[in-house]
Amino acid sequence: MTDVAGKRILVTGATGALGSRIAQQLHAAGATLVLTGTSPEKLQALGLPVELYALDLSLPGAAASLIQTVTSAGQLDGIVAAHGVVAFGPVADLDAQTLQQLQAINQTSPIELITSAIPSLSAAKAAGSEPFVLTISGVIADMPTAGMAAYGASKAGLKSFVSAAQRELRREGIRIVDTRPPHTETGLASRAIAGVAPAMPQGLDPDAVAARIVAAIVNDEKDVPAEAFS
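Residue numbers for the sequence shown follow the numbering used here, so the first one is -10 and each next one is one higher.
Since the hints were made in silico from the structure, they are not lab data. All figures in this text were calculated on a predicted structure; none of them were measured in a lab. Every residue gets a Cβ at the ideal spot worked out from N, C-alpha and C, and that includes glycine. Possibly wrong hints are sitting among the right ones.
EDC-like mimics (lysine to aspartate or glutamate), calculated; alpha carbons at most 20 angstroms apart, straight line [unchecked claim]:
#, residue 1, residue 2
1, Lys211, Glu174
2, Lys114, Glu161
3, Lys211, Glu119
Derived CB-CB ranges, DEER-like [said to hold, decoys possible]:
#, residue 1, residue 2, range
4, Asp194, Pro214, 28 to 34 angstroms
5, Asp82, Ala(-6), 44 to 50 angstroms
6, Ser111, Ser179, 39 to 45 angstroms
7, Pro214, Gly176, 22 to 28 angstroms
Assemble the whole structure, with the sequences as input and the hints as a guide.
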């Protein structure tokens, strides 16, 4: 098991409905948190006595710069990549800007976080820690869905990267776990960067999903598919 008490953990997307709950639960478990989001005001509103960084992870190099800043301030023991955006609509209506934003935020920036953090996470392992990275690709990564092709592609690409990186980085003692929760009532669908969400059944409780994600960290899990959230 991984004891998060006293561990310095970076949570991106910490002002989101899911990221904020994960941060609150890790804080309650004694973790030392570094939180990011795009809004300084929303980060402050979390009310947690933690390190805060407001930045836009869609910008080229932003994730690498964040890791450099965070690791220069101390040992980094774990990362929870909880940031993301969604878009809807037929492929015939997909525009280049939407595609670029989906890829930059959902796929490129988490990959950049992971690759940039390898040296510091390896150092944490050498110091006796149990370093980890957790990603949230979601059920869409396993379920190509009409009207969500570009969004699904960005998440499936992340899952594919994580699957390969797991096998490489376990030699370094770095655990990467991908989680794929089903539709969750976070309100993300109502904040789509393009298109309008189709009618969806009632989603999962975000508190329960956050708890399951934190449990995956603590229990040394390596993969949490959609059925693990039922």
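How the hints compare with the structure:
1. Lys211 <-> Glu174: Status violated; Cα separation ~24 angstroms.
2. Lys114 <-> Glu161: Within the cut-off at roughly 8 angstroms; holds.
3. Lys211 <-> Glu119: Between Lys211 and Glu119 the Cα gap is close to 13 angstroms, so the pair holds against 20 angstroms.
4. Asp194 <-> Pro214: 28 to 34 angstroms: violated (18 angstroms)
5. Asp82 <-> Ala(-6): 44 to 50 angstroms: Since the Cβ atoms of Asp82 and Ala(-6) sit about 48 angstroms apart, the hinted range of 44 to 50 angstroms holds.
6. Ser111 <-> Ser179: 39 to 45 angstroms: holds (40 angstroms)
7. Pro214 <-> Gly176: 22 to 28 angstroms: Holds - the Cβ-Cβ distance for Pro214 and Gly176, about 24 angstroms, lies within 22 to 28 angstroms.
Violated hints for the displayed structure, listed by number in ascending order: 1 and 4.
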